[in-house]
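Visitor: Modelling step: build the complete structure from the supplied sequences, incorporating the hints.
Residue numbers (this note's numbering), protein chains in the order written: chain G, 1 to 442; chain W, 1001 to 1799; chain P, 2001 to 2169.
Do not rely on the hints blindly, as some may be mistaken.
Said to hold, decoys possible - The calculated EDC-like cross-link candidates involving lysine to aspartate or glutamate, where the alpha carbons are at most 20 Å apart (straight line), are:
1. K1086(W) / E390(G)
2. K142(G) / E2041(P)
3. K1011(W) / D1099(W)
4. K194(G) / E2061(P)
5. K367(G) / E1127(W)
6. K12(G) / E390(G)
7. K367(G) / D424(G)
8. K2027(P) / E390(G)
9. K380(G) / E1070(W)
10. K127(G) / D50(G)
11. K1086(W) / D46(G)
12. K142(G) / E2012(P)
In short, the hints are calculated from the structure, not lab data.
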Amino acid sequence: MPTLVSHPDEVKVVSRRFGMGASDIDRYLELDGYKAVQLALSQGPDQMADWIINVMKASGLRGRGGAGFPTGMKWSFVPKQSPKPKYVLVNGDESEPGTCKDHVIFLHDPHSVVEGTMIAGLAIGAKLGFIYLRGEYRYLLKNVEKAVADAYARGFLGKNIFGSGVDFDIVTQTGAGAYEVGEESALMESLEGKRGVPRIKPPFPAVVGLYGGPTVINNAETIANAPHILLMGGEAYAKLGTERNGGTRLFGISGHVERPGVYELPMGYKLRDAIYKVAGGIKDGKKLKAVVPGGSSCPVLTADEIDVGLDFDQMAKAGTMLGSGGIVVLDETVSIPEFAMRVISFYQHESCGWCIPCREGTDWIKKTLTRVHAGGGTRKDIDNVQYLAENMMGRTFCPLGDAAAMPTLGFVKKFRKEFEDYIDGHRAGTNLITLDQLVGAH
Amino acid sequence: MPDVTLTVDGKQITAPAGTLLIEACKAAGIEIPAFCYYPGLSLQAACRMCVVRIEKMPKLATACTTTVAEGMVVQTETPEIVQARKATLQLLLGNHPLDCPVCDAGGECELQDMTFKYGAASSFYAEPKNHREEQQWSPVVYFDRPRCILCYRCVRMCGEGMDVFALGIQNRGSSAVIAPNVPAHLSPDQLAHVDCEQCGMCIDACPVGALTSGTYRYKTRPWEMNHVATVCTHCGDGCKTTLGVRSTSSGAEIVRGDNRDKSGINGDFLCNKGRYAFDFANHEGRITQPLVRKDGTLQPASWEEALSVAGSRLKELRDSRGGAALGVVGSNRITNEEAYLLQKFARTVLGTNNIDHHRTADYVAFAQALAGHADRAASLHDTLKAPAVLVVGGDPTTQAPATAWNLRSNVRQNRARLYLANVEPIKLRRQAKGFLQLAPYGYNALAAYLAGDEAAAAAAAADHAALASFREAVKAEQDLLILIGAELRGAELKRLIEFGLSIPGAKLALLADYVNSRGAADMGLLPDMLPGYTPVGSQSALATEYGAGTQPELTKPGMDLLEIFDAAARGNLAALYVVGSNPVGRLGIDPATLKDTFVVVQEMFLTETAALADVVFPAANLYEKGGSVTNSYGDLQLVSKAGDTAGVRSDFELIVRVADKMGADVRKLVPFGTSTGLRADMGQTRGAQSGEADRHAIWLAANNLEPRLSPFDPFAILDEVQRLVPGYNVLRLQLLSGNDQHLSPATPATVDLSQRRDLVSPSGDSLFTSGTLGRYSSMLGDLQRNQAQQLVQIHTAAD
Amino acid sequence: MSNVANTIFSPELAARFDHLVTLYPVKRSALVPMLLYAQDEIGYVSDAAVSEIAQRLSLEELDVRNVLSYYSMLRTKPAGKYNVQVCTNISCMLRGGYTVLEHCKQQLGIGHKEVTPDGLFSLEEVECIGACCWAPAMQVNYDFHDDLTPEKVDVVLEMYRKGQGKDVK
Ligand SMILES: Cc1cc2nc3c(=O)[nH]c(=O)nc-3n(C[C@H](O)[C@H](O)[C@H](O)COP(=O)(O)O)c2cc1C
Ligand code: SF4
Ligand code: FES
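Guide: Spelled out as structure tokens, the structure:
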């Protein structure tokens, strides 16, 4: 069972109820549960949708799934009138290496996701919402299923919710092991019972989504924030963060730190402080080598590059991404060529295979880096890897190709010397993967 | 849709709004490379070859998914784009076996062409390629897995195009493979197979050599073949097919059938028969020398001997017993020119109207019912465009596969509304908006009910509500295309057509079974009809031409097919002349019936009929001669000589030679030579080597001006057909250019259809049979066995 | 009672499937969950399961296999009663994921995707399971075990050997 951590610098909004038994519906109600959705309903059928969307826009909340798209704006893109039913889809596929924040939400505060889903539904005029959890999260699915069932039992879901005349249903769904299904259109395919291959865009989900109907798809954390934002007001939430990056977010700090865990920090919080203050610094007093700042697809930052604020814009300026908020810390003992190989082998394993650059590109980068790791590399291999990654960038069908190419480019560009030394037999760091494991790896 | 204007590579182009950029560019002569894009199938954007730079877009965009927009500015071939394509090719080639020297697609491979163009020749991979073994999915479909580039064309072709869904994609990432619907572990031989219609469309769609055809594999290289465009001989749709032909010591062997250039009436479609079942032409049972019965057995004879025997004996019998004692049976698979010539030979040389053929649909009633209604006869093209289609009877999926393909495409691409009325739940119902289950034999009742006879409802369908709403739905349609199966004939057929004519925009077609069933009827292989459905007794240019005035017996209908054999049984048939047909086998005639009849047969094989003959002439088949054929819809197309078998002659030549031996005036039978008064230039004045000669020849041909220097020139008869047969006066230049031309029958309605005997007998062919001819296609035999095995397999799996 | 005669599934699961297909605007949406739940019951997705699920959703079996083969948790061969899935992705790797995997291999005497002869355990190296902050982690069937050391792995395996492990389904 994941241990809960906390730190004085934390600003708890979405994690406010963690560790307080809020999986229980009565406890959730005691802790202001289902007040936000009732507040929304109390705006009256004509005002409600605009009111919610305005509050969400004011909050400056940006999607917590990785891309950071402004949530209020996303909801406002859904056409008011639609001949086809509209849907809300909650993305709980959480599979980006280094990311385990939705895990904690589903575990400690599943009702916030349920309530947030209802709010999103009211905002766009949907009558059905889906909460999709990755297949591995079975015990969390049970927790969410129970929350949904309890909400039904209280009459919060189903016909005429809270006597408002509005109907809203929620269906929970499980995946079965596929990172790519986290991509929004692939998720819809999966939910429609198909292979998790992304769809051609445009049209975007807000116009043509699930079952061809307009669909809002949001990360579970994004959704779980909605009730809090409605209750505290958009401006108040926005003020917690920085310009154009409202509020707080969950950061999962993992790897070589003393106190790994999921912390809720205000947007713009310094990465250096997150590592050294909040997570207790580098484990065993070692030196920092590099940080993967927002899940494995984000280009690596070197030890010198961590004086940057954790928000979407500052990270972009630093040449990387805030991504899914999974901060992976690498100490001096890590071999970057090995780490790079492990990263690409993940993307090679998870590429859906639809488009050529991603399917073949990840495969060849993996093969090449595996050989480098096994000791058979040449300096030309570094160029080849860079060439392959550069030629994947921006040319794949969906962003998974970029997600594989970006970190690869980061590693070979920022740590080229280490690759060269590695190939020449001077290995920095200790190998964590043995040759046997390499050969046996999937 | 209104047109939009955009700029591509500095050129202004216009295209209708909604057009895909890749198509707009193609139309403007700018080719954008693509592997996964296939016109008419769903979009994939998977191969990333079609990337282009569009102003104001952050990334390269795929031309295959972008629709044109006003003012769009596009670059299609900048260094950036070239690099992107090159990199994609390098990635593909990384795992590709590069076995081009032995690959069937070598020389016709889009991957090869692209590599040539973008020069992705250098490889920098040190690792071994991912290898997978080849699979044989069926007698005709092989899958060489390492060559596959995962463009998903085959999967879409099979699912969306064919509605078969025998192919899928399994695993993911670099392990992803195309997989067939019978997996190895569920198959008795532990090998993966396809359970499907074996159309081979997947092979055609494959841009590389991953899918190859069982009939063609490792036989030859594309550049060693001549490619001849002609028409498939099997069903009434008359698809254009391109035959790949290679010279052999005994002629020219057909080694491949496909429609790679996607031209012609069938666009990209070809079914398994069109693609593979040309192999009868190479069958070792072909008759390659004349046979004459001596001492009770058929023995090889010289041409001179055989022709003399046939000619003199026929002449003798005609003169002694009269034309009324002679019978002629024609074919559904000979050219129009041959059919026309045969009936002319029967009527003017043998002096008889006793001529018939195996009728597979009632075109007489069809023509009579449509008489006086211009532009109401549908073309096969209409099946692809009509906004609404009613199909009564028949099962196009198995009997007229191109029609079925077009109907499915029409539903998919244009949301056409398809209505079916059938006694069986035929497969096309999956595309249908309305399917009406008819009562057994309910077609005639349906025709009556549609025409307003409420009393017929009970006999038409059990579900009266469904019947009523079906009629409502159909009647509400404006531009309705009505396709009618062979189940409807005579007065009932006429009744249905009259119902159709009551719908202002309706067009109609009657579907028959073989490539020239329609032509056989049009050309008058009928005892009561001259060409163009001109009743034999009527006053017409044709009748005059045929000397009706001078020979009173020719003003009366002759004996039909059954009457001819009845006459034989009574000993009243002196001679029987059969061309490309097997009535003895088909009708189950007792051999003794013909013991007193002198029988001449022109055939490819020693069929039940040929075996009874006194003289057998070795005949060429439709792939071995030129001429024209008319499909069920009345679309006229040219056929060209592709294959050649030493020792055989065309039916056309054989008829002329027999007539000659009978002492007939060949010049009258075939108006050849300079009798028309024309003199040919032959192109010499313009320089025979200049290429001008060819164009000149085409112009002459198109204007009926080229000299007919031989009595065996079918064009000599085509001239006459065009001059005399109503509806056939179409644009010759179009035909010569390989385009089909739609006929508009113009027939005076004068026949009482209720008095005509119904002799229609559909072939009963399925996807893997083709009348008597099908027996001589070993590929069809293999497919039948394969199908039977799969049935066994499915049954054992179910147990 | 199930809507399918002669179902191969338990009455409970069959009833669950009957219900599942009614939840969605399109019944095919139940496919991925059905495959996973079928696997939970049978141990893997058998051919019979493919057939019945195809029948329940009016799909071609090929279609079901296309989907089935896409998802990495679904398998068409039996695994052990307890499927030990060790994460070796980056966060786990940094904190000893490969040591844990190696230890499991030794203790169980099997490699990746292999099953112990008694059928009790199978072992799998898996990608990130969403337990990065509690690394290294593994799942035994659906149950998470985190902050692992070789010693803790021994305790966990022993627990399952004795049949005392949780079996979340
Ligand atoms: C390859 C790939 C994997 C993704 N995985 C996830 C995921 O596991 N969870 C998630 O919330 N978003 C994931 N996303 C982002 C989603 O596509 C989508 O942007 C997000 O769910 C939108 O929600 P948000 O606006 O609330 O962030 C992924 C994107 C890509 C390209
Ligand atoms: S980039 Fe291409 S192959 Fe990769 S996951 Fe996206 S669509 Fe699939
Ligand atoms: S043709 Fe556009 S991506 Fe393949």
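Visitor: A separate judgement is required for each hint: does it hold in the structure or not?
Guide: Okay, the hints, checked on the actual structure:
no.: 1; hint: K1086(W) / E390(G); result: holds (13 Å)
no.: 2; hint: K142(G) / E2041(P); result: holds (17 Å)
no.: 3; hint: K1011(W) / D1099(W); result: violated (39 Å)
no.: 4; hint: K194(G) / E2061(P); result: holds (13 Å)
no.: 5; hint: K367(G) / E1127(W); result: holds (7 Å)
no.: 6; hint: K12(G) / E390(G); result: violated (40 Å)
no.: 7; hint: K367(G) / D424(G); result: holds (19 Å)
no.: 8; hint: K2027(P) / E390(G); result: violated (42 Å)
no.: 9; hint: K380(G) / E1070(W); result: violated (46 Å)
no.: 10; hint: K127(G) / D50(G); result: holds (17 Å)
no.: 11; hint: K1086(W) / D46(G); result: violated (56 Å)
no.: 12; hint: K142(G) / E2012(P); result: holds (17 Å)
Violation of the numbered hints given earlier is confined to hints 3, 6, 8, 9 and 11; the remaining hints are satisfied by the structure.
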